[in-house]
Each structure stands twice: as structure tokens, then as C-alpha cells.
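Visitor: Chains as they are written, first to last, in UniProt numbering: chain W, 1 to 336; chain U, 1 to 324; chain B, 1 to 327.
Keep in mind that the hints were calculated from the coordinates and are not lab data.
Any given hint might turn out to be false.
Listed next, with one range per pair, are the computed distances between beta-carbon atoms [said to hold, decoys possible]:
#	chain 1	residue 1	chain 2	residue 2	range
1	W	LEU22	U	PHE167	40 to 50 Å
2	W	MET18	U	GLY127	20 to 30 Å
3	U	PHE94	B	GLU123	50 to 60 Å
4	U	LEU129	W	LEU22	45 to 55 Å
5	B	GLU44	U	GLY127	25 to 35 Å
Not the full set, but computed from the structure, chain U residues with beta-carbon under 8 Å of chain B [said to hold, decoys possible]:
#	residue
6	ARG60
7	GLU218
8	ASP219
9	PHE220
10	ALA224
11	THR242
12	ARG319
13	ASP322
Calculated Cβ distances over 12 Å to all of chain U for the following chain W residues [unchecked claim]:
#	residue
14	LEU86
15	PHE186
16	LEU264
This one's a predicted model, so the numbers in the text were calculated from it and none came from an experiment.
Yeah, the Cβ is synthetic: ideal placement off N, Cα and C, and Gly gets one too.
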Amino acid sequence: MSATHPATRRSGPWTTAMTTLLRDRAAMIALAGLLLIIAACVLAPVYAEDIAHTDPFQSDVAATVMVHGQELAVMQPNDNPLHLGLTPLAPTWHPSAYLLGADSQGRDVMARLLYGGRNSLLISAAATVLCILMAAFVGIVSGFFGGVVDAALSRLMDIMWAIPVYLFAISLSIVTISQGLRIGPFTIRSDNLLLPIGIIALVYVPYAARPIRGRVLTLRRSEFVLAARGLGVPRGRILLRDILPNVSSTLIVLAPLLMALAMLAESALSFLSIGVQAPAASWGTIIQDGQGLIYTRPMVAIAPGLAIVLTVLALNILGDGLRDALDVRETSRRRG
Amino acid sequence: MAMALLRRLGQTVLVLFGISVLVFLVFFATPGADPTARIAGRNASPETMALIRHQYGFDRPLPVQYERMMVSLFVTRDLTSFVDHGERVVPEVFRAAPVTLSLVFGAAIVWVLASIGMGTLATALRGSLVDRGLMILGLIGISMPVFWLGEVINLVTQSRMHDSWMFSWVPGLGYVPLTQDPVGWFKVLVIPWITLAILFIGIYGRVLRADLVAAYSEDFMRTAQAKGLSASRVLFRHGLRTSMITFVSLFGLDFAQLVGGGALLTEVVFGLQGVGRLTYQALSNLDLPLIMATVMYSAVFVVLANALVDILYVLLDPRVRDAG
Amino acid sequence: MQDELFAARDLTIALPGSQGSMIRIVENLSFSLAPREILGIVGESGSGKSMTALAIMGLIDVPGARITGSMLFKGQELVGLGARALRRLRGREIAMIFQDPMTALTPVHTIGWQIDEQIRAHESLSRAGARARTIDLLGEMGVPDPRRAADRYPHQLSGGLRQRAMIAMALSCNPSLLIADEPTTALDVTVQAQILDLLRRLRHNFGSSVLLITHDMGVVAETCDRTLVLYAGNVAERGPTGDIFAHPGHPYARALLASIPPLHGVRPSRLLSIPGQPPSPAERPAGCPFRPRCPQAHAQCEQTPPMVRRGEQDIACVLAAPEPVQA
Numbered sequence: 001m002s003a004t005h006p007a008t009r010r011s012g013p014w015t016t017a018m019t020t021l022l023r024d025r026a027a028m029i030a031l032a033g034l035l036l037i038i039a040a041c042v043l044a045p046v047y048a049e050d051i052a053h054t055d056p057f058q059s060d061v062a063a064t065v066m067v068h069g070q071e072l073a074v075m076q077p078n079d080n081p082l083h084l085g086l087t088p089l090a091p092t093w094h095p096s097a098y099l100l101g102a103d104s105q106g107r108d109v110m111a112r113l114l115y116g117g118r119n120s121l122l123i124s125a126a127a128t129v130l131c132i133l134m135a136a137f138v139g140i141v142s143g144f145f146g147g148v149v150d151a152a153l154s155r156l157m158d159i160m161w162a163i164p165v166y167l168f169a170i171s172l173s174i175v176t177i178s179q180g181l182r183i184g185p186f187t188i189r190s191d192n193l194l195l196p197i198g199i200i201a202l203v204y205v206p207y208a209a210r211p212i213r214g215r216v217l218t219l220r221r222s223e224f225v226l227a228a229r230g231l232g233v234p235r236g237r238i239l240l241r242d243i244l245p246n247v248s249s250t251l252i253v254l255a256p257l258l259m260a261l262a263m264l265a266e267s268a269l270s271f272l273s274i275g276v277q278a279p280a281a282s283w284g285t286i287i288q289d290g291q292g293l294i295y296t297r298p299m300v301a302i303a304p305g306l307a308i309v310l311t312v313l314a315l316n317i318l319g320d321g322l323r324d325a326l327d328v329r330e331t332s333r334r335r336g
Numbered sequence: 001m002a003m004a005l006l007r008r009l010g011q012t013v014l015v016l017f018g019i020s021v022l023v024f025l026v027f028f029a030t031p032g033a034d035p036t037a038r039i040a041g042r043n044a045s046p047e048t049m050a051l052i053r054h055q056y057g058f059d060r061p062l063p064v065q066y067e068r069m070m071v072s073l074f075v076t077r078d079l080t081s082f083v084d085h086g087e088r089v090v091p092e093v094f095r096a097a098p099v100t101l102s103l104v105f106g107a108a109i110v111w112v113l114a115s116i117g118m119g120t121l122a123t124a125l126r127g128s129l130v131d132r133g134l135m136i137l138g139l140i141g142i143s144m145p146v147f148w149l150g151e152v153i154n155l156v157t158q159s160r161m162h163d164s165w166m167f168s169w170v171p172g173l174g175y176v177p178l179t180q181d182p183v184g185w186f187k188v189l190v191i192p193w194i195t196l197a198i199l200f201i202g203i204y205g206r207v208l209r210a211d212l213v214a215a216y217s218e219d220f221m222r223t224a225q226a227k228g229l230s231a232s233r234v235l236f237r238h239g240l241r242t243s244m245i246t247f248v249s250l251f252g253l254d255f256a257q258l259v260g261g262g263a264l265l266t267e268v269v270f271g272l273q274g275v276g277r278l279t280y281q282a283l284s285n286l287d288l289p290l291i292m293a294t295v296m297y298s299a300v301f302v303v304l305a306n307a308l309v310d311i312l313y314v315l316l317d318p319r320v321r322d323a324g
Numbered sequence: 001m002q003d004e005l006f007a008a009r010d011l012t013i014a015l016p017g018s019q020g021s022m023i024r025i026v027e028n029l030s031f032s033l034a035p036r037e038i039l040g041i042v043g044e045s046g047s048g049k050s051m052t053a054l055a056i057m058g059l060i061d062v063p064g065a066r067i068t069g070s071m072l073f074k075g076q077e078l079v080g081l082g083a084r085a086l087r088r089l090r091g092r093e094i095a096m097i098f099q100d101p102m103t104a105l106t107p108v109h110t111i112g113w114q115i116d117e118q119i120r121a122h123e124s125l126s127r128a129g130a131r132a133r134t135i136d137l138l139g140e141m142g143v144p145d146p147r148r149a150a151d152r153y154p155h156q157l158s159g160g161l162r163q164r165a166m167i168a169m170a171l172s173c174n175p176s177l178l179i180a181d182e183p184t185t186a187l188d189v190t191v192q193a194q195i196l197d198l199l200r201r202l203r204h205n206f207g208s209s210v211l212l213i214t215h216d217m218g219v220v221a222e223t224c225d226r227t228l229v230l231y232a233g234n235v236a237e238r239g240p241t242g243d244i245f246a247h248p249g250h251p252y253a254r255a256l257l258a259s260i261p262p263l264h265g266v267r268p269s270r271l272l273s274i275p276g277q278p279p280s281p282a283e284r285p286a287g288c289p290f291r292p293r294c295p296q297a298h299a300q301c302e303q304t305p306p307m308v309r310r311g312e313q314d315i316a317c318v319l320a321a322p323e324p325v326q327a
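Please work from the sequences and hints to get the whole structure.
Guide: So this is what it looks like as C-alpha cells:
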């Protein structure tokens, strides 16, 4: 009997991270929940057309609907003595018709919730990708080249950072909301989703650029990069071969956390009616629609809010799991 | 020390200048439409348009426009709103400020106390169910849109359970000045305070726990234990005192951001006539001068508060004090 | 022996490993310490020496850790002692100083504050009274201008002064036992000598016994009355320092001594190094743990080696002869 070393399996850092993540029960549940929400929203037309038989973008205050063999008006007279005004249908808890009730225009809240989710998810995901691209550019250039470039970019980030995130987003939205954005020959209309995507991406750039810059700075001073420079490896090659692959773990960890922030920001802008524009919906606009009905038909506002909470919670748990798996210490912070 | 202060001052001035330029550019140089039309609001008469064009110098180059803007914002403070029939904007912001300050101060007290309690309790019981439960609660707090939470709380306290013993004391939405009726002020604000604080309790509680748990692997915590100190003394006087440095720098930034308009959504939901609510009203009728004034003043406030935090930081951390 | 201050018998420290297994970091460790004696525990990193120190202090806070055997301090059993009773011993009766005085002092309090705190934790003394003793202690430890030094923060002092402050703090309640875990490793060579000198004088000035933990045979030779050589959590050899240095009995102790350059005589052209690495606690072979690296290993080493008594030395090796072999 000689050396009793167990066979040590050689595995790369990504494989190790993957194994750790797969063993993280909370992160896996969060991922499953997230995929479920995405699938439901992607399948919104199937629900609207084949199950609920409704057009979630068509206001119809005169419609009636059959529930449990009873014909009900979608907009019912108020139960005050004079029967003044109309109250939308309460949740029927019946998937074939107005599962979550109707909104003030007689539209199916459940169908709108699914369609709204498409926009909320699309905007926050696209904003995250765009934001990470911009932040990676700023962070890597700033961290790698240092000196004047770093000083200038860092000051710019400081300046953007000093304006409260939501106020910054509101300012950008309000100047573009009335007439859209015209850059040279291109015009982006005010109801284009590119506007909220671009705005949200922009305001979170300082948030993401800071940890990326920090990571690049540590890498630049690390021994393997110093060794490469000592050997005369050209800068571009160091950037591509040594820096980028090592920064990518920071980017991956940032992504779900940023998407959570982007989703909250999108809902806030839409709630203030300077995000997604009617007739399109997002979870934020539905909450705003429900604000007027909060005491009579609270489900209109509660349901999209719950959807946001669940999605953002799943993203945050996933982000925590990724951070633990990839062993990246969060150097940045969240803020509302 | 004096040199360091001077350098910090210079930096602050530079950032202030940068912010004013950035905000100015956002409002007046974003490509799209004529800024005159943006300022005038909907359905403005040609006379008003001409007046605005002249007053803001839109027929002149950008630097002149910038200079005029800054003068009317900070020197003469006579920037007027066209949508709101010539109402002067800056005094309006200052009139709304006490409401915002009341909201944010109260919320800050709630979130600092609650998050320290949460962070230290979770650390002391780390690994236990209490710890996990608190951390999950914190994460849920972070994941809730504050305006939605406010509405749900309103639903419960103003309508569904308003007649129960628990919430019958809750007054209607709105603001009562502290000088007029301190008890009414407190009653009206306590629920908005908690609502606004929940997000930050989540963030700070989690950050503090992470910092404290990390502190326990530090040598000085082992030394403190080896000295025979009680567990709570080790946690509070050594662990928490050291982690306080991060905590305070986070706090300064968030507090300033909230005073500077970050509490907008909470003010809207609870009908509090603060700076944020003012901004919200300006949003609905596209009153740009008002929005610009609030953004500019809040950014200035944030920068000054950051400078203040840096000074506080120096007081808290002797290492920074010497590095100067 | 009646006059033992501290005695460990069959001390075993096990930490939970993966999948519910227990990994024995330290196995069946026995040693004793007389009043005013300096005992050195030598070993490579990972040999379990720091873990032993933390176990005596009751500071192993790994959940699920199991400590068995016995540790008698002034006749009181430390294994299984309640947290409250342990805390009263810590700092007052048993004090500890750590390797790196930079990180071992809380950065946000002055050193005076930190020493006062320990004094006031164990004795009812006024703030001023505690400070007076702090200043006296700092002075005795050779800190120049102790009154001003007490008001300084750890980062404002040099490494040597920090370690002096650390020792002053450890001695502030006149402990009977001082555990010093690599007290000189983080210091410059010249400062090292001063600190060791200080430790040597403690037994006269303070009447303390010292348990000195180190990986440096040179430090042991200079300072310790008796020495315990630890290898992979097991005692390899223990006995008076002079005897062990003159005729080491265990192959590992021999190898350790051969790896330091001699102070006198002809310098060898090459120093001996021990091939291989100590096994990790989870992969320790049965029998003698040094077997895989031992040049004299043979079949008999697969059994746990007996403790062979030779003069005042105890040697955990089957090859050890009861009489010193004249080399």
C-alpha cells in the first residue's frame, strides 16, 4: 500500500463555479421561478387568444362574460344608492374569463399582466445588457489605461453618481417623452421601448463601472499581468487574454443584480407614466392603472406588484448565488 | 490636513460644476425638439414661445444659455414656470423642503436602528434559522417597489383594516407641519417612514451582517475574545465599531440622495407635498423649469453631503485621518 | 508532578469535514508546563500548533468542533468548561499574543483604550487607575514615552512597538500562563531578538509561564526551557531543549535541526531539506504520520509508534534507543 492520495480531479474555475451553483438550492429555485415567469409571459398570446378569448389592448366597457353559467357585465354599476359610476368586474378566479378581474377600461387584468411582463422583462434585460456593455467599456478603459483617461472617466462617473438615480432617469425621460429623440437622421419616437431601455442603462453605468474598474486595477497589478508585461507581451494582447476573461466573472455576477435594479427602475418610471406608453403595458403601468381602483378592486395593482417582487427577488437570490459560486466580493452596492 | 481639506474642497467645486453642466445639457441639448417648446409646455402661445426664446437665450450660443440658466437658478432665483402661470420655481422648492426633510429624517432613524438590530442579531445567531429568516426578509424588502408597497399599506391601513383597533389611529393621507401639531405630524408620518425605511433596512442589515461576519475572521476580533470580553462587547465595541465605517459612508450617500428627491415615490403614494411630489406634479404637466430646479438643487445637496460624509469618515477612522 | 501549572492529556481536536466525517487536527497530545517555564511547540504550518493554542483559550468557534481528552489548568479541567467560566479565565489567568500585531489590535481604538479595556473587564478599577497601570506596563515593556504611546492608534506605531503593546495588554492582569503564537514571525530580525528577550524576562518580572508556538528552531533554541516537536497533529518528540538539540531522537526532529545552518563551526555546503510535504489531516496515514517522508521507514511504522523514554526525552519512534546514540 503506497501513497493513499485520492484521485484529484482537475477542473477549471468555471466548472467549479457551475458545480457550486447547481448545489445552491435557493439559487436553483430562484432560477426555476424566473424561467417559469419568463415562459408565462412569452406565452401571453396563447393565454389571451386560446384560454381567455380576450384582447388585452381593446377597451370594452359594454362587454359581458359568462362565469359559472351566469352572465355578468364586465363593468358593473356601483353599489351606492344611486348606482352612480361603474366598477370593473372582481376577480373570477376562473382562467377562462377575467381570472384577476377587469381594469377600469374593462380589459382582462391577467392577460394584461402577461403582456406587461413581456415589456418589463424585455426592458430590464435589454437595459442590463446595454448597461454592462457601457460599464465594461468605461471600467476596462479606465482601469487598464489609468492616468488622465482614468481621472476623466472617474470624475464623469462621480458626477453622474451624484444625481439621484431616479431623478436622473426622470430628467432624461421627461425631455424625450414629449417629442422623442432625434439623433441626426434617426428619430426614436416617444413610445419606442428603446427610450426606457437606453435611459435605465445609462443611469446605472456608474453603479456597474466602479466594481469593474476596481477588478481591472487589481488584475493590472497582479503578478501574472506584471509578468506578461515584463516579457513584452503587447498591451492589446494582455487586455484580451488576461484581463477580459478575468473580468467576465464580475460582469456575470453584476448582471442579475443590475437586472433587478433595472426592473424596479422601469416600474417606477412607468408608474410615473414616463416609461412604457399606452396602449402598451408593463407591470409599472398596470400598477398605475390600479392606483385609482386600489380600495375597490385592489387586485389590479397588487398582482403586477407581486409579479415584480417575485421576479426581482429571484434575480437577487440568483445574483447572490452567482457571487458565492464565482467568489466575487461585491464591491458595489445597491440603491433605490 | 489643511492641504487635504483644500483638495477636497477643490474637488467638490469641480464636481458641482460638472453636475450643473450635465443637467443643463440633459435639459437643453438633448437632441430631439426645440427646447423652447419643452419649456413652454403644452399649447403655448407664439408670444410665450418668443418670450422664452429671448429670456433663456435660445437664440444665443450654449455657454451663454448655461450662464443665464445658472444665474436665474442660483443668483437671482427668479426662474419661472410657464405652465404654472409665472410661479417662481426656486421658492416653491424651498417651501416643499420641510416635508421631505421630515420624511427622510424619520425614515433614516427607523432604518439605522432597525438595520443595526437586524445585522447584529443575525451575526450573533449566525447559521441559525433566525439569521436565515432575517436575511430572506431583508432580501424581500430590497425586492419591493416602494410605491407598490406604499399602496398596499394604504389599502390595509386606510381601508381594509382601518376600523380595527390596530389602524384606527391612522389619519388620512397628507401632511401636518411639526410646528402646528407635533402629535399629528408624527401620526401622519410614521407609516411613510416605515415604508421608505424597509428597502434600506434590507440593504443595511444585509451589508452589516456580511461585514460583521467577515470581521469575526479578523485577528483583532480573536484578540478581543482572548481578552476575556463578553460576547456582546466583542460584537459591539470591536466588530460593530469597525464596521460602522462602511455603514456611515453608505448612509451619507443614501440619505443625501433621498433628501435630494429619491423619496419622490413615497411622497407621491402618501400624498406628502414635498420636493418629490412637486417634481411629480411637474411631470404630469411637463413643467421643465421646475424639474430642472429640483434636480439641480438635489444634486448640489448630494455633493455637499458627500463632502460632509468624507469629514465624518475621517473622524471615525484614525487610519484615514493620518493618510490625509 | 505536583507543581504543574498546566497539563494536557490525550488532547484531541476534531473538526467536521465534508459529509459528516470528523477530521482529527490534533491527536492524543500530552504535555505539561511548570510555573515560570517556557515551553516551545515547534512544527510546520498545519501541524496543529495554533489549533492547540486556540483550544486552550477556548476560542475554537468552528460549529461542530469536538475537543476530547483533558486540559488541567491549576487543577481545573478546561475541556467542557462553560463559556462564562472560560471567559473569566481568558485574559486574566491565560493570556495570548498573536503573530501579526498589526491586524491583532482593533484599528479604531487607541492601544491605551484597548489595554484599559482588558484591565477593566477583569478588575473593578477606575478609568484613571486602569490607565495608570497601562502606562506602567507599556513602560516596563520598553515602550518609550508610554504616556503618549497609549494615546496612539495601532497603525501609528512600528511593528516592534505594536508587539510590545500587545504583550503589555496580555500581561495586564498578571496571567499565570501566556500563550505566544508566532510572536516574532511578522517582525524584523533585530526587533525579533528584543521581543524574545522580553519574553524570557517575563518569568522573573511577572512570574508567568510561556507557551511559545513557532516554526523556527532558532527561536526555540534561544528561548525555551523545554520543547515539543509536533508533526501532523502528533507529538514527535518532547524534552529539554538542550537535549533535543544535542541528540534529537525522532527522524523528523533530526531533519528539522539539519535544515537550519549551524551557528558555529564549518558551514555545510548544502542544507538538508525534508522531501515531500506533511499530509493534510484528512489524508494522514495510519501508524506513524511521518512514515511517507521518513528515510528510515519500515514495516513496523504502520503501527502507531510507542513513546520511547530516553533520559528526559520522549520520542515517538520505534527506532529510538533508550540511550543516546553518539553520532
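Visitor: It remains to establish, for every hint, whether it holds in the given structure.
Guide: Each hint, compared with the structure:
1. The hint said 40 to 50 Å for the Cβ distance between W/LEU22 and U/PHE167, and at roughly 46 Å that hint holds.
2. Between W/MET18 and U/GLY127 the C-beta distance comes to about 26 Å, which sits within the given range of 20 to 30 Å.
3. At roughly 58 Å, the beta-carbon separation of U/PHE94 and B/GLU123 lies within the given 50 to 60 Å, and the hint holds.
4. A beta carbon spacing of about 24 Å between U/LEU129 and W/LEU22 contradicts the range 45 to 55 Å that was offered as a hint.
5. One distance hint, 25 to 35 Å for the beta-carbon pair B/GLU44 and U/GLY127, holds here, with the actual separation near 31 Å.
6. With a cut of 8 Å, the hint placing U/ARG60 at the interface with chain B is violated, because the nearest CB-to-CB distance is about 55 Å.
7. At about 7 Å, the closest approach between the beta carbon of U/GLU218 and any beta carbon in chain B falls short of 8 Å, and the interface hint on this residue holds.
8. Hint on U/ASP219 holds. Least Cβ distance to chain B is approximately 4 Å, under the 8 Å limit.
9. Given hint, U/PHE220 at the interface with chain B, holds; its Cβ is 4 Å from that chain's nearest Cβ, closer than 8 Å.
10. Given the 8 Å rule on beta carbons, the hint for U/ALA224 holds: about 7 Å separates it from the nearest Cβ of chain B.
11. Restraint check, U/THR242 versus chain B: the minimum CB separation of about 5 Å is within 8 Å; hint holds.
12. Interface hint status for U/ARG319: upheld, as the beta-carbon distance to the closest one in chain B is roughly 5 Å, under 8 Å.
13. Given the 8 Å rule on beta carbons, the hint for U/ASP322 holds: about 7 Å separates it from the nearest Cβ of chain B.
14. With a minimum CB-CB distance of about 19 Å to chain U, W/LEU86 clears the 12 Å threshold, and the non-interface call stands.
15. The Cβ of W/PHE186 sits about 10 Å from the closest Cβ of chain U, inside the 12 Å cut-off, so the non-interface label is violated.
16. At roughly 6 Å from the closest C-beta of chain U, the C-beta of W/LEU264 falls inside 12 Å, breaking its exclusion from the interface.
Hint check: violations occur at hints 4, 6, 15 and 16; the rest are consistent with the structure.
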